[in-house]
Structure formats: structure tokens, C-alpha cells
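Peer 1: Here is what each chain is made of, one letter per residue.
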Amino acid sequence: MKVYVPRDAAARALGSDAVAAVFEAAGHTVIRNGSRGMIWLEPLVEIEENGIRSAWGPVAPGDVAGILDGSVESLGPVEDIPFFARQQRLTFARCGLIDPLDLADYEAHGGLKGLRRAIEMGPEAIVTEVKNSGLRGRGGAGFPTGIKWETVAKARGPQKYIVCNADEGDSGTFADRMIMEGDPFTLIEGMVIAGLAVGATKGYVYIRSEYPDAIEVMERAVEIARQNNILGRVLHSSHEFDIEIRVGAGAYVCGEETSLLNSLEGKRGVVRAKPPLPALEGFMGRPTVVNNVLSLATVPVILEKGAALYEGFGLGRSKGTMPIQIAGNVRHGGLFETAFGMPLGELVNDVAGGTASGRPVKAVQVGGPLGAYFAPEKFDTPFGYEEFDGQGGLIGHAGIVVFDDSADMLGLARFAMEFCAVESCGKCTPCRIGAVRGVETLDRIAAGDAGAVPLLVDLCQTMKHGSLCALGGFTPYPVMSALEQFPEEFQGVREAAE
Amino acid sequence: MTATAAPHETAQVSEIARIIAAHLHREGPLLPILHDVQAGYGHIPAAAHSPIAEALNITRAELHGVISFYHDFKDKQAGVHVVKICRAEACQSVGANALSEAVLGKLGLDWHGTTPDGRVTVEPVYCLGLCACGPAAMVDGTLKGRATVETLLAEVTA
Ligand SMILES: Cc1cc2nc3c(=O)[nH]c(=O)nc-3n(C[C@H](O)[C@H](O)[C@H](O)COP(=O)(O)O)c2cc1C
Ligand code: SF4
Ligand code: FES
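Which chain is which? The protein sequence lines are S and U, in order.
Using our numbering, the letters of the first sequence correspond one by one to residues 1 to 498.
Using our numbering, the letters of the second sequence correspond one by one to residues 499 to 656.
Don't read these hints as lab results, they were simulated from the structure.
Warning: the hint list may mix true and false statements.
[Said to hold, decoys possible] Listed next, the stretches of chain S that the computed footprint assigns to chain U, with coverage defined by at least 3 CB atoms under 8 Å from CB atoms of chain U:
#1 10 to 17
#2 252 to 264
[Stated by the list, open to error] The following residues of chain U were derived to be distant from chain S, with all beta-carbon distances above 12 Å:
#3 His506
#4 Glu513
#5 Gly538
#6 Tyr539
#7 Glu552
#8 Ala586
#9 Gly603
[Claimed, not checked] Cut-off 27 Å, straight-line C-alpha distance, at most; resulting in silico cross-link-like pairs (DSS-like, lysine-lysine):
#10 U/Lys604 with U/Lys574
#11 S/Lys427 with U/Lys572
#12 S/Lys267 with S/Lys202
#13 U/Lys574 with S/Lys267
#14 S/Lys267 with U/Lys572
#15 S/Lys274 with S/Lys113
#16 S/Lys202 with S/Lys154
Even glycine gets a Cβ: it sits at the ideal position worked out from N, Cα and C.
Isolated chain S, as found in the complex:
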């Protein structure tokens, strides 16, 4: 009999450590797996007996005795729970299934197959395979990963680097965290493959400090990978690769790749002007691949199963699957990996089951704090890069935050500006000063001065066109989308109420 109790940060934040302790006190060995992604069921306990793995959740310490004596009914196998059953899991296939730090378990579930194939193929063929898969950067910008790798592969430098962007600062996102905590070797394998492809021998994972669990698991996984020749001399081949874990220091803008590189170098996390591209002059001025966690963690399965399989999923130019994170005021929140193309409304109403409060959905913000609000009128938008762009939005890192009808859209617009002001790196005026003006202008509107609305629109235009990076440039998305879809909330609310 095997007992699984997640060590995922969300499961722990909901009490999984105490649950694990009760199983241990009853004499059971507990495997601390990652989360299966159904956060409303966490802590989700699984027990495997006679080849059948059954789930219970949410479990409190007091439920354990009943689970063990059979008096508490099981949810059945995770694979049969509708939220899970309708997913197409490629990147997250192993997450929650295996013991995250058990390399044998990893290999038994397809781990290292991609890397072995990559070593046989050689650099050029790896780049071609990744290009053919259609994989686009999962950090937000959606740039084709294979093309980025090709640029770095062709660049010359005494040393090249693979930098994994694990700064995941967007509200409503936690997929990077989950994969690092639940299947860390996938990320390591993806980084090693990237290293082979471009000729880099050193990798850094820059993890935000708000993720202590992910940092700990990744540190241990890197150590295990070194001891087992995944790092070092890669699987006893002629290739070398090593990884170092670095920790951010609480700055949202450090998720922007050039700011991140400055931070890694020990400088202020100020955004660098491009060109030069990081691919040519990145970390320490040398050719560098900067990729999001999910981009890199998806590479092993592409190499294992082939570009054609991956490319076969999706819609238009959005190929493959996306680990969508459903968050906020939802009944069924969590990680839902599916092929691109599912309409937003299906995700919100069917998959997530509407709001947790039971009230009507008012709006959802997609793509983090720089993403637009979508009112239900736009719920037929299919989940894809171009499709969201066409509706004045972005998918970003694929976080969906649901709000019920109590949401204060003016307050949320103000928050977007305030967040931009707090997190601005300070390099350009439209962002640094504009965001502060934005807060003031929204306060005027809230105080009853509807005449300030055109000022707000002007300001958004200036920020959009005059900012160096997307922090200042995209903050207008949430602000303008709130204003355009909920104009009545920007009409001098207080006066109207009096």
C-alpha cells in the first residue's frame, strides 16, 4: 500500500503536512507527491492498493482514520474525476503522479527518454524538432522557442547560458511553481536538452523568493541530478551541463528577461533596451537562452514523443497544449492542461463550474496583472495567442482570474496602476510617472469627476506607446478593458449614488 499526500505549496497551505503526519503516526510511509492540480480538493490524498489508486479530498487530519478503515468513501481514481478526465496532459503528465525526487519513478514514467534521443540526434536536429513542434514561449510573449534556440546556437561566445525564468509573478498563475515542486526533473531535463542544442554548458534557474517550496525541491533535484550524471557529464556522453538555483528578491519586473539578467548579475533589476537581444548578449554579455519554466519543461515530452505529436494539438498558430491556471472566485480552481482552442466561457463555466460564491461571473482577467478583463460577452474567444490578441487581450502565462458581480472594476483599474507604480523599474517616464498619475486620475473619477476619464484614456495611450517594456506598456490593458466594458462604473460613482 502506497500513501500519497502532496507537498505542493498550495496543498501545504491548506494543511497537507498535518494530514501526512497522521498517516505517518499510523505507521505508513508517505510519498510527498506534487499536486494533481485540483486545488479545491487539496489536501488530496491518494492510496494505491492492488494496482488501484484511489483519491480522497479535501482531507483533514481527523479524516485519516476513516480513510484507513474504509468508512470514508473515496472519490475514485483521480483519472476519473471530470476536471482531470477532460484534460490533455503532456507537460504535466507526471506532476502529482510520481514522487518528485525519485529518479527511478521519473524514468519509469518516460523521464530521460527525450534527453537520450536528443543526445543521439545532435544539436541541429534538436533545434529543428523544437521548431517543428510549434512550441512558443510560455512566459507571455509567445516567441517561437526553436527560433530563439537557433539564434543562440549560431551565436559565438566563450560561454553560453540557459537561463530559466521562474519568476512567475503574474497573479492567477502557479504552473511554474507546480511543475518545479511536482516534477522538477522535467525542467532539469529540458534545460540540459536546451544546453545540448545551443552549446551551453551552464544553466541558471531564477526562482522568485515567494516560492520557498519550489526553491527547496529544485535545490534537491539538482543535487540528485548531479549525483546521477544527468548534470555534469550528461548521461556519460561528451556533453557537460550544470545548473545553479538563484533566488529573486521580490521584484515583479525581474520576470522581464533583461531585468532578470541584470538581477542575476547582481545589479538593480532595470530593464535593458533591446537590441542587443539576450540571445546574442545576455548573461554577462554572452549568448543566452532565456525561457520560461513551462517552455523548457515541455521540451522533454516533445523530444520523447516527437514534434508531430505535439504539433497535432492546438489551434491555428497556437500549437500543442497549455497548462491553464484557473484561479480567483471559482468553484473548481486549479491547473487544467488542454490543447489550445477551448473557448474562455467553457473554461470558466463548465471546467471551473462558475464562481465559488455562487454569484454570476462579472469578468475574468486573463494573463496576469497586465492582461485585459473579459466580460461574459467575450466568452466565445478561443484560448489562443492570436485569438486573444484579436479581442484586445493576451493569454500571457495563461492564468484566468474569475470575479463575481461584486467586483469593483474601477478599484481593479486603480490597482493595476498602483501595481505598475510600485513595481516600475524606473527607467522610463511614461511608466514611472504615468502610473502614479493613473492612480491619481482614477481617484478623481472615483470621487465623482467623470471629466477625468479622457485624461485617463490619454495617459493609457502615452504609457502604451512610450514604455520600454510591457509593464508600463500593457498596464493600459486591464485599465482600458475595464473602462470600455464597464463604463457606468467610471461615471463619477459617488455623485450618482448621492
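With chain S fixed as given, assemble chain U with the ligands onto it according to the hints.
Peer 2: Frame of chain S, contents of chain U with the ligands only:
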């Protein structure tokens, strides 16, 4: 305090030298050094500035620029307990604003404030990756999902 300052500071200087030495071989050693100093002292003491600047061959002004850029690095110690409450959108959708107002109100604090007895500091944080089980918070490094005023204040005001 003043009487013990001298030996205390000597110990501090050698500890800081040890931290610097442990990271100096890295490419870009500054953040790892600052993290260790912050973890060891709860802030970046002024006494750490010169040795770090000298070891890394940067000016003290540059060093100060880095320290002040990052929210994690503090120039003075926080309260005995630190409560970080997520202010970001997903948590707002499930009542984070009311939660933080209530916590700040009960303690009589503004964001970043510390109670007069030095017991509790409350800080904002922008997403802890617990967006499907908000409101989220971190109390002395421990993550809390579906946080309430009671769960947040129980430990720190006991
Ligand atoms: C303000 C800002 C914050 C960002 N935050 C992140 C982040 O947390 N994680 C991430 O992977 N990319 C983030 N990005 C995007 C990165 O700049 C970059 O495009 C990405 O790391 C490239 O990797 P990819 O091609 O694999 O997506 C951010 C961009 C901006 C402008
Ligand atoms: S837009 Fe803002 S965050 Fe981006 S470079 Fe300019 S000041 Fe820095
Ligand atoms: S928005 Fe609060 S934890 Fe992510």
C-alpha cells in the same frame, strides 16, 4: 546595548566576511550574499556595506542602489513576526481587501508597519502562487491558503 556593541559587531564582521567568501566564486554573487545577510540578521546592517562593496569592487552607492531596488532587502529589522498578505487580483476576487483591512485595523497598522511592541510587521505581497485557494498569506515563512483574520492573527498575537 552600547556596552555589548563592540564584541557583537566583531562577530558580525567576521560572519559577513564568511558569507561573502562563500559566494564570491559565483557569477553575479551579490544577490546570494544579500539573501544570506538578510536571512542572518533580518536586515542588511550598515556594517555589511563596506565589506561587500570592497569584495565585489563596486561603490557603496551602487550597492545601496541594489539593496534599495529589491523589496526583500530591508535596512532595518522587522517585527518578531512577519505577516505578508497577498494583495493581487486573484486574492482580491475572494476578499483579500477586506482581509487586509481587518488585519491592519486590528493591529492599528498601515502596510509595512510594525506594532509598537515590536511583535508584528504586516507587509503586502503580490501573489504567492496560491491563487486558487486565496486569500493567501505567509506568516513567518509558512504559507496559508483561504486565510482569515483569525488564522493570521492567532499565532502572532498569542
Ligand atoms: C513586466 C514583465 C514581467 C514578466 N514576467 C515573466 C515571468 O514571471 N516569467 C516569465 O517566464 N516571463 C516573464 N516575462 C516575459 C519575459 O520577458 C520573456 O519573454 C520570457 O521569459 C521568455 O521566455 P519564453 O520565450 O519561454 O516565454 C515578463 C515580461 C515582462 C515585461
Ligand atoms: S515600462 Fe516601466 S518597468 Fe518597463 S522599462 Fe520602462 S520604467 Fe521599467
Ligand atoms: S494572487 Fe494571491 S496568491 Fe496569487
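Peer 1: Would the hint linking S/Lys427 and U/Lys572 be met if the CA-CA limit is 27 Å?
Peer 2: Status holds; Cα separation ~22 Å.
Peer 1: Given the proposed pairing of S/Lys267 with U/Lys572, does the C-alpha separation stay at or below 27 Å?
Peer 2: holds (16 Å)
Peer 1: Is the nearest CB of chain S more than 12 Å from the CB of U/Tyr539?
Peer 2: At roughly 15 Å from the nearest Cβ of chain S, U/Tyr539 sits farther out than 12 Å, so the non-interface label holds.
Peer 1: Test the statement that U/Gly538 is away from the interface with chain S: the closest C-beta pair must be farther apart than 12 Å.
Peer 2: holds (15 Å)
Peer 1: Check whether the Cα positions of S/Lys274 and S/Lys113 lie no farther apart than 27 Å.
Peer 2: At roughly 37 Å apart (the allowed maximum being 27 Å), S/Lys113 and S/Lys274 break the hint.
Peer 1: Is U/Ala586 truly not at the interface, in the sense that its beta carbon sits beyond 12 Å from all beta carbons of chain S?
Peer 2: violated (4 Å)
Peer 1: Going straight from one Cα to the other, do S/Lys202 and S/Lys154 come out at no more than 27 Å?
Peer 2: Holds, at roughly 17 Å.
Peer 1: Count residues of the segment 252 to 264 of chain S with a Cβ under 8 Å from any Cβ of chain U, then say if the count reaches three.
Peer 2: It holds: at least three residues are needed, and the segment 252 to 264 of chain S offers 3 whose Cβ sits within less than 8 Å of chain U.
Peer 1: Run the distance test for U/Lys574 versus S/Lys267: straight-line Cα separation, threshold 27 Å.
Peer 2: Given pair U/Lys574, S/Lys267 holds - Cα atoms ~21 Å apart, limit 27 Å.
Peer 1: A cut-off of 12 Å on Cβ-Cβ distance, and U/His506 was said to be off the interface with chain S. Does that hold?
Peer 2: holds (26 Å)
Peer 1: Would you mind confirming whether the straight-line C-alpha gap from S/Lys267 to S/Lys202 stays at or under 27 Å?
Peer 2: This hinted pair holds, its Cα atoms lying about 20 Å apart.
Peer 1: Take a quick look at U/Gly603 and tell me if its Cβ sits farther than 12 Å from every Cβ on chain S, holds or violated.
Peer 2: Holds: least Cβ distance 18 Å, greater than 12 Å.
Of the numbered hints given earlier, the model fails hints 8 and 15; all others are met.
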